[in-house]
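In order, the protein sequences belong to chains A and B. For the first sequence, position 153 matches number 152 in numbering that gives the first Met the number 0, and the numbering has no gaps at all. For the second sequence, position 2 matches number 1 in numbering that gives the first Met the number 0, and the numbering has no gaps at all.
One or more hints might be untrue.
[As the list claims (entries may be wrong)] Cross-link-like lysine-lysine pairs, in silico, DSSO-like; alpha carbons within 30 Å at most:
| no. | chain 1 | residue 1 | chain 2 | residue 2 |
| --- | --- | --- | --- | --- |
| 1 | A | Lys88 | B | Lys89 |
| 2 | B | Lys100 | B | Lys89 |
| 3 | B | Lys89 | A | Lys26 |
| 4 | A | Lys88 | B | Lys100 |
| 5 | A | Lys26 | A | Lys88 |
Since the hints were derived computationally from the structure, they do not count as laboratory data.
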Amino acid sequence: MEAVIYICLGLMLAFGVMAVMLHSMTKSAIALAAASAALGIIMYEMGSVWAALIEISVCSGLVTVIFISAISLSNMEKKELEKVYEDKKRMSLLPVILIVSGVVLVIAAMALGVSLPKVDHAANVAGDLREILWNNRQADIWGQIIIMITGSAAVVVLFRERD
Amino acid sequence: MNVFGFENIILIVGFLLIISGCYCLIRTYHLLKITIGIELAMKAVTLFITLAGFVNGNVDLAQSFVITTIVIEVVVTVVAAGIAINLYRKYGSMDIRNLRKLKG
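The whole structure should be built from the sequences, with the hints applied where relevant.
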């Protein structure tokens, strides 16, 4: 299990950085989808099966479709590509920042002896995800419904063709 | 005490993803790229919530939070994509500096 998690963490970080740094928007969207898929595998390995399923189908599938639609609806012109190129120049520092941050975080963790509490599988107090969603987190369900209605209204308003 | 246990590595990778997302937010003017930065930071948050559930042994509660986060993530993406397309239709580019010219 741990080996899969380590590999997927590495892939997730690599694809995430690629999504931010890549020149092409389409490739960025695909890299983000790959990062989502890696996250889904990590979640599955850690026992969050339903969340992993939704992560892979929605974040890796639907969100990528939304990005590709937005990219294809806006035929990128040369002017736009030049802006992306400027982005590429601006992003060139990111790998250095990440390496420095990573080293600092590892040194800080070692110096402070940071360690998470031991995983307590015996204390699995939860029952069923459906029960928790419907009984304990009902406010979240209502919030989600309101957010989805807002999103639908936004789609109708923002994607409307002008006369 | 194992500093290099996978829980700590998840924390470090999560922080690095948040740094990448925030750097993208700061350094780019392309609205879709900014949305990708937000998405990346939210993925790190999802990872943290999953880790919290795993460590506490309360995976199902964490899953319910993750599902809420994913719904919010999708709606944020849809709204940002809609704004980006409208921006492109109006100004021919997705540069967020054009948003300053909008009235109302």
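Now the hints, each set against the structure:
no., hint, in the structure
1, A:Lys88 x B:Lys89, "27 Å, holds"
2, B:Lys100 x B:Lys89, "11 Å, holds"
3, B:Lys89 x A:Lys26, "25 Å, holds"
4, A:Lys88 x B:Lys100, "26 Å, holds"
5, A:Lys26 x A:Lys88, "17 Å, holds"
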